Amino acid sequence: MEKNKYTNGFKIPENYFEEFETHMFDKLKEEQLPKATGFVIPDGYFDAVEEKIIENTKTSPLKVIHKSKTQKLRPTLYRIAGIAAVLAVLILLYPFENGNAISFEKISEAAVSEYIQDGALDLTADDFAMYLQDEDFDALMQSSEEISVENMSDYLLNNLDDSTLLLE
Amino acid sequence: MVQEQDLVSLLQAPSQKEEAYRILVTTYKERLYWHIRNIVKFHDDADDVLQNTFVKVFRNIDKFKGDSKLYTWLYRIATNEAITFINKRAKRQHITNEELQQQTLEKLETDVYFEGNAIQLKLQQAIATLPDKQQLVFNMKYFEDHTYEELSELLQTSVGGLKSSYHIAVKKITAFLQNNETIL
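Chains as they are written, first to last, in the numbering used here: chain A, 1 to 168; chain B, 1 to 184.
Honestly, the hints are just simulated from the structure, not real lab data. Please note: incorrect hints may appear among the correct ones.
Stated by the list, open to error - Mimicking DSSO-like on lysine-lysine, the simulated pairs with C-alpha atoms at most 27 Å apart in a straight line are:
hint, chain 1, residue 1, chain 2, residue 2
1, A, Lys29, B, Lys29
2, B, Lys107, A, Lys35
3, B, Lys65, B, Lys29
4, A, Lys35, B, Lys63
5, B, Lys171, B, Lys133
6, A, Lys27, B, Lys65
7, B, Lys171, A, Lys58
8, B, Lys172, B, Lys107
9, B, Lys133, B, Lys29
10, A, Lys52, B, Lys29
11, A, Lys58, B, Lys63
12, A, Lys29, B, Lys172
Note that the structure is predicted; figures quoted are calculated from it, not measured.
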């Protein structure tokens, strides 16, 4: 082929003609595949789902997927476990004297959990941190460094409720 | 048709949120649904994930800074929600994602919302043999008709990388179907 045929300024990708047949036959194979998935939807689904979504925004901006009881209770359980840990620290730091005074042992477990559930115990993470020494923080830092990436990603997968955070 | 930028402004204006939500849902529900459905396969699951996706979008709309297009942001949330949904289900059943996918395809045959013929079912099986990213690229290019440029933005992958990924996917799928004597 004469070289001056290609003086119009148009160029082609490298190896275009050499690879053309391969691409062409790939395309032919692709043409044989079914054009649709076969998935169908219930009648009127898209109108109904729009109403459901708008309704969700008015009521509660919570997850739609129904969670198991354990999953629903998990945040509360974590909170209670945290508070229990705080109480344990308080008991260690302030040993109760024996005698007529009310001791912690005399309070039933049910009463403590009722007290906590009623929201009467208003402790924040800062309150808890007040009772920790520098070495306690060191120990906490050390143990968090031992968390494997796998465990961390498992935890995030199960507990992170905002998937948009994983996107950015 | 409301322009994307105008829609974002409406969504972020407290007084017009409800109207804007409705426009957003009407505009994107079908595209996002089919995108999700191609990942999760069952209608009921796609329905849950679609609703969760919009809930996430509404909840985070104030954080949307417009660095990417609104539709890119929506697709990323939908993709992420669908993949998270599958991962969680596999984890709950103590099986791998591949095992879950196999289980899903076995059930698909009797699903009332799957009307595919034998070849379409085989095609789904062939897609399931691909690595996750290739599945995503194939479904979005072949069934959802995205251009490579759109895919590049959505999946943050170069056009060249996507083209080669798609061609490899097509080759694997046709090889699978040939080996299973589904197509010539």
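Original post:
So which of the earlier hints does this model not fit?
Top reply: 1, 4, 6, 7
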